[in-house]
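Trainee: Sequence:
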Amino acid sequence: MMSGQISHHLSPTPAPGLVTLEELGHLVQGREIDTVMVAVPDLRGRLMGKNLDAHHFLTKLPGGPEMCAYILATDVDMNPLDGFELAGWHTGYGDLRVVPDLGTIRRLNYLPGTVLVHGNAVHPDGRPVAVAPREILRSQLRALAVHGLQARVGIESEFVLYKGTEAQLRRSGFRNPTPVSPDNLDYALDRPPALNAFFHDLHNALHEAGAPIEAIKTEGAPGQIEVAWPYGTPPWAHATPTPSTNTPSVTSPHNTASHPRSWPPRRPAPDPASTCTSPCGATTRRPSPCVHARSCPSYSSTPLPG
1 MMSGQISHHL SPTPAPGLVT LEELGHLVQG REIDTVMVAV PDLRGRLMGK
51 NLDAHHFLTK LPGGPEMCAY ILATDVDMNP LDGFELAGWH TGYGDLRVVP
101 DLGTIRRLNY LPGTVLVHGN AVHPDGRPVA VAPREILRSQ LRALAVHGLQ
151 ARVGIESEFV LYKGTEAQLR RSGFRNPTPV SPDNLDYALD RPPALNAFFH
201 DLHNALHEAG APIEAIKTEG APGQIEVAWP YGTPPWAHAT PTPSTNTPSV
251 TSPHNTASHP RSWPPRRPAP DPASTCTSPC GATTRRPSPC VHARSCPSYS
301 STPLPG
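According to our numbering, the sequence shown holds residues 1 to 306 in order.
Hints are computed from structural coordinates only; laboratory data are not their basis. Keep in mind that the hints are not guaranteed to be accurate.
As the list claims (entries may be wrong) - What follows is a list of derived Cβ distance ranges for each label pair:
#: 1; residue 1: S139; residue 2: K50; range: 23 to 31 Å
#: 2; residue 1: E32; residue 2: D190; range: 36 to 44 Å
#: 3; residue 1: W89; residue 2: L189; range: 49 to 57 Å
Since the model is a prediction, treat every value here as computed from it, not as a measurement. Ideal Cβ placement from N, Cα and C applies to all residues, glycine included.
Build the full structure now, drawing on both the sequences and the hints.
Mentor: Given below as structure tokens:
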């Protein structure tokens, strides 16, 4: 992370990659977008969700898609677990709804014709799912706001980059993977060309998806990479109202059907110190590299201690 802070003015315009609902309607009409990926972070910050037909998203799903509630009640391998009040055999593994947060629609340059939108998990009656990570964040921000406080965050994502494809690593049982760099390259600028190319692609992909980074560097362990986002009050870090069943609606230019507006009701102006959002919507110090990394044929990650 960079030390200190440089004061400068940032225009209060949406970050690159972010689109409004109206803009999405025009993109769908122009056949530039055909798929809407609606996602909700699970208990580990991973994005879970569905790929929806863009026309269907705009016209037929005013309240968001339904998903099995077990996505917030599994272990890391997606095995259902006992002891969760939200979902289990005692509930019949019912559904929850994922209400799209219309301030998070973003294009994904590595998935042509696709936008990603984060959603809020709610019960069938419209109550927020209390254990959903986004709702936990909101509740903590509301608690801070009561005391006149506001959260500021600095996020780093660290992972290890290995040679080969995910399929190749899986066939080997993920045994003895080969890091992209064999040595300690902490702060090194004389990196291998292939690694420089990966840095360039990752930097551009995050910028174009509306999550511009502060810095990217190699770390001390072989193949270890660190990505840092600017410190500050990100646009998504605001205490927001709990959604109710009586939500205001917005109209898509693609169709006259109405769509309930998700929370927050409008995107807050970016803080002068930051225009970034976490690629996963996570609030941990080390969020998952998320779906952008999975699309890279040479990518695999291993959790780091600490």
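Trainee: Does each hint hold? Answer for all of them.
Mentor: Hint-by-hint comparison with the structure:
{"no.": "1", "hint": "S139 with K50: 23 to 31 Å", "in the structure": "26 Å, holds"}
{"no.": "2", "hint": "E32 with D190: 36 to 44 Å", "in the structure": "40 Å, holds"}
{"no.": "3", "hint": "W89 with L189: 49 to 57 Å", "in the structure": "56 Å, holds"}
In summary, this structure violates none of the numbered hints.
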